[in-house]
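Asks: Sequence:
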Amino acid sequence: MEASLELFAIPLEVGDHFRKQRGPRFRKLVVLNLALDFRLWNWQSSSVSASMGLGNQKSKLLVPFEEHFSGRVTIKGTTVMSKIKGRFEKYDLLERANQCPFKQFFLAPPMQASGVLIHQLMLRKVKSRIPGEMQFFIGDSNLRFGVGEFALITALNFGKEPDDVKYKSMTTSMRLRETYLNNEANVRSGELEAAFVNFEEKEDVWNLGLCYLVDGLLMAQESSTKILMDMLSFVENEEDFFNYPWGRRSYERTFHSLNKDMMHQRENYLLKMKKNKKAKEAQYTVYGFSIALQYWAYEAIPKLTGAFCENLGIKFPRMLSWTSNKTPSVKDCIDVFKIKKYDSDQTLYNAARVDEAIRPMMKMLPYYLLSVDRVRDRDDLDLSITTKPRDFDVRRLPPDVVPQTSKSGDCGIFVVKHLECLLADIPLTNVVDAVMQHSRDKLCVDLFYQNIEP
1 MEASLELFAI PLEVGDHFRK QRGPRFRKLV VLNLALDFRL WNWQSSSVSA SMGLGNQKSK
61 LLVPFEEHFS GRVTIKGTTV MSKIKGRFEK YDLLERANQC PFKQFFLAPP MQASGVLIHQ
121 LMLRKVKSRI PGEMQFFIGD SNLRFGVGEF ALITALNFGK EPDDVKYKSM TTSMRLRETY
181 LNNEANVRSG ELEAAFVNFE EKEDVWNLGL CYLVDGLLMA QESSTKILMD MLSFVENEED
241 FFNYPWGRRS YERTFHSLNK DMMHQRENYL LKMKKNKKAK EAQYTVYGFS IALQYWAYEA
301 IPKLTGAFCE NLGIKFPRML SWTSNKTPSV KDCIDVFKIK KYDSDQTLYN AARVDEAIRP
361 MMKMLPYYLL SVDRVRDRDD LDLSITTKPR DFDVRRLPPD VVPQTSKSGD CGIFVVKHLE
421 CLLADIPLTN VVDAVMQHSR DKLCVDLFYQ NIEP
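If you're matching positions, the sequence shown starts at 1 in the UniProt record's numbering and goes up one per residue.
It is worth saying that the hints were derived from the structure and are not from the lab. Be aware that one or more of the hints could be misleading.
[Stated by the list, open to error] Per label pair, the in silico range of CB-to-CB distance:
{"hint": "1", "residue 1": "Arg353", "residue 2": "Gln450", "range": "31 to 41 angstroms"}
{"hint": "2", "residue 1": "Glu267", "residue 2": "Val197", "range": "31 to 41 angstroms"}
{"hint": "3", "residue 1": "Gly132", "residue 2": "Met229", "range": "19 to 29 angstroms"}
{"hint": "4", "residue 1": "Leu443", "residue 2": "Thr79", "range": "45 to 55 angstroms"}
{"hint": "5", "residue 1": "Asp425", "residue 2": "Tyr91", "range": "43 to 53 angstroms"}
[Said to hold, decoys possible] List of simulated lysine to aspartate or glutamate pairs, EDC-like, C-alpha gap at most 16 angstroms:
{"hint": "6", "residue 1": "Lys90", "residue 2": "Glu184"}
{"hint": "7", "residue 1": "Lys83", "residue 2": "Glu193"}
{"hint": "8", "residue 1": "Lys103", "residue 2": "Glu252"}
{"hint": "9", "residue 1": "Lys168", "residue 2": "Asp240"}
{"hint": "10", "residue 1": "Lys85", "residue 2": "Glu95"}
{"hint": "11", "residue 1": "Lys202", "residue 2": "Glu236"}
{"hint": "12", "residue 1": "Lys260", "residue 2": "Glu133"}
{"hint": "13", "residue 1": "Lys83", "residue 2": "Glu191"}
{"hint": "14", "residue 1": "Lys226", "residue 2": "Glu193"}
{"hint": "15", "residue 1": "Lys160", "residue 2": "Asp240"}
{"hint": "16", "residue 1": "Lys202", "residue 2": "Glu89"}
{"hint": "17", "residue 1": "Lys85", "residue 2": "Glu200"}
{"hint": "18", "residue 1": "Lys226", "residue 2": "Glu267"}
{"hint": "19", "residue 1": "Lys166", "residue 2": "Glu236"}
{"hint": "20", "residue 1": "Lys85", "residue 2": "Glu193"}
{"hint": "21", "residue 1": "Lys166", "residue 2": "Glu239"}
{"hint": "22", "residue 1": "Lys280", "residue 2": "Glu267"}
{"hint": "23", "residue 1": "Lys407", "residue 2": "Asp433"}
{"hint": "24", "residue 1": "Lys166", "residue 2": "Glu238"}
{"hint": "25", "residue 1": "Lys90", "residue 2": "Glu203"}
{"hint": "26", "residue 1": "Lys442", "residue 2": "Glu420"}
{"hint": "27", "residue 1": "Lys90", "residue 2": "Glu201"}
{"hint": "28", "residue 1": "Lys85", "residue 2": "Asp240"}
{"hint": "29", "residue 1": "Lys160", "residue 2": "Glu252"}
The beta-carbon is built from N, C-alpha and C at its ideal position, and this holds for glycine as well.
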């Protein structure tokens, strides 16, 4: 997608509202490439691949499946809006907030942030040929996340930076800095939050709250990080403040954070494991408005809808269309992303050898299913375009999901126990070497006496 957004990525009726409220600067709206816009607005259901404009081409994962690792992601900024709403409610400012150009952040339905989902997406990044855009390999397609998707989710201003003369005129007021921040040359995010929480003058609660929303949510960072000082001057003139391209700034911060080198994260994780055997997962933080990637996942991956989120049917901005009070587990994400291979001895053969051995099965199984009653219309056979089913996409689960054996010879028993657990929806955590002899003995007795458990 071309990153050539001018002013606002908003539909005309929203533009009319802003135009009436905010004067001539709001009169010029962005015009997205119509074909591109059509694809983006048709994100849902079976049109996902086409909507992202990437077809069914397959790309090499930056982190191979066999090298995936557990991770705990901290998503910065998730508590900011509750603090702002609480203060604004106290000073009777919520109605004003619900009418301002940032109203989508005040009206957004509850959203349970999911570090697990973000991590699983990060592990599925593929190389993008377009600067400033990320691509993810989901199912059997490459899906993109770029500035256009971010605009559709947030409805923020993506206009040009003001020219030097205008910028200088916007930064003349020093009142907030002098009154609440000791006229410091540099202010940290934590200090801005403290000023917003502790001072009482109503209009300045509003101004500091807007600054805190930008710094703590749209450009979320550590409390020790310096804020954009000029923001404290912009906010004294609301038209200047809301005309500023916060969408562009927020996306830059978000993209830089999400575009992490995940192989480097894996190396840090392995080093941590070597130093501390009890460490079971990598830990890292994402900044900016990174939860936008979670909204994007709900739009792009239909299997998530219903189980973990609900679509409210609002077309724009997309962040108003989703609500969630449940976070998917690692196993849930693995099911969504169609990773199906359980291997209890991954040291025996490398991934390439396994793929070569299983390739004939990937071709044969779909045809076998076609010959079985009541499975001809299954979505996973992909018969919507052609009568020839696509090959199965079989991948090896990472070792932290499938317990590994330290010896050979029990592979058949592992397979039986895996099947029992999967059919009963029981975790595989207890399928380990220590229970293999007991499982072998029990299976022997069951076979001898022809015991068939329900």
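Asks: It remains to establish, for every hint, whether it holds in the given structure.
Replies: Comparing the hints with the structure gives:
The given range of 31 to 41 angstroms is respected by Arg353 and Gln450, whose C-beta atoms sit roughly 37 angstroms from each other. Judged by the Cβ atoms, the range 31 to 41 angstroms given for Glu267 and Val197 holds: they are separated by roughly 39 angstroms. Against the hinted window of 19 to 29 angstroms, the Cβ-Cβ separation of Gly132 and Met229 comes to about 26 angstroms, which satisfies the hint. In this structure the supplied range 45 to 55 angstroms holds for Leu443 paired with Thr79, their Cβ-Cβ distance being about 51 angstroms.
For the pair Asp425 and Tyr91, the beta carbons lie near 50 angstroms from each other, so the given range of 43 to 53 angstroms is met. The straight-line distance between the Cα atoms of Lys90 and Glu184 is roughly 28 angstroms, outside the 16 angstroms bound, and the hint therefore fails. The straight-line distance between the Cα atoms of Lys83 and Glu193 is roughly 10 angstroms, inside the 16 angstroms bound, and the hint therefore holds. Note on Lys103 and Glu252: the hinted pairing is violated, with a Cα-Cα distance of about 22 angstroms set against a maximum of 16 angstroms.
With a C-alpha separation of about 12 angstroms, the suggested pairing of Lys168 with Asp240 holds against the 16 angstroms cut-off. As the CA atoms of Lys85 and Glu95 are separated by approximately 11 angstroms, the hinted pair is consistent with the 16 angstroms bound. Simply put, Lys202 and Glu236 have alpha-carbon atoms about 14 angstroms apart, close enough for the 16 angstroms limit, and the pair holds. Restraint check: the Cα-Cα separation between Lys260 and Glu133 comes to about 13 angstroms, which is no more than 16 angstroms; the hinted pair holds.
Restraint check: the Cα-Cα separation between Lys83 and Glu191 comes to about 15 angstroms, which is no more than 16 angstroms; the hinted pair holds. Of the pairs offered as hints, the one joining Lys226 and Glu193 holds, with about 12 angstroms between alpha carbons and a cut-off of 16 angstroms not exceeded. About 13 angstroms separates the Cα atoms of Lys160 and Asp240, which keeps this hinted pair within 16 angstroms; it holds. Distance restraint check for Lys202 and Glu89: the Cα-Cα separation of roughly 11 angstroms lies within the 16 angstroms cut-off, and the hinted pair is therefore satisfied.
Under the criterion of a C-alpha separation no larger than 16 angstroms, the hint pairing Lys85 with Glu200 is consistent with the structure, at around 15 angstroms. Of the pairs offered as hints, the one joining Lys226 and Glu267 is violated, with about 29 angstroms between alpha carbons and a cut-off of 16 angstroms exceeded. Among the hinted pairs, Lys166 with Glu236 is consistent with the structure: their alpha-carbon atoms are about 15 angstroms apart, no more than 16 angstroms. Of the supplied pair hints, the one linking Lys85 and Glu193 holds, its CA atoms being roughly 13 angstroms apart against a limit of 16 angstroms.
Distance restraint check for Lys166 and Glu239: the Cα-Cα separation of roughly 13 angstroms lies within the 16 angstroms cut-off, and the hinted pair is therefore satisfied. At roughly 14 angstroms between alpha-carbon atoms, Lys280 and Glu267 fall within 16 angstroms of each other, so this suggested pair holds. Of the pairs offered as hints, the one joining Lys407 and Asp433 holds, with about 8 angstroms between alpha carbons and a cut-off of 16 angstroms not exceeded. With a C-alpha separation of about 14 angstroms, the suggested pair Lys166 and Glu238 falls inside the 16 angstroms cut-off, and the hint holds.
About 13 angstroms separates the Cα atoms of Lys90 and Glu203, which keeps this hinted pair within 16 angstroms; it holds. As the CA atoms of Lys442 and Glu420 are separated by approximately 13 angstroms, the hinted pair is consistent with the 16 angstroms bound. Proposed proximity of Lys90 and Glu201 is supported: the alpha carbons are some 12 angstroms apart, at most 16 angstroms. Only pairs whose Cα atoms come within 16 angstroms are accepted, and Lys85 paired with Asp240 is rejected, the gap being roughly 23 angstroms.
With a C-alpha separation of about 14 angstroms, the suggested pairing of Lys160 with Glu252 holds against the 16 angstroms cut-off.
Checked against the numbered hints given earlier, the structure breaks hints 6, 8, 18 and 28 and satisfies all the rest.
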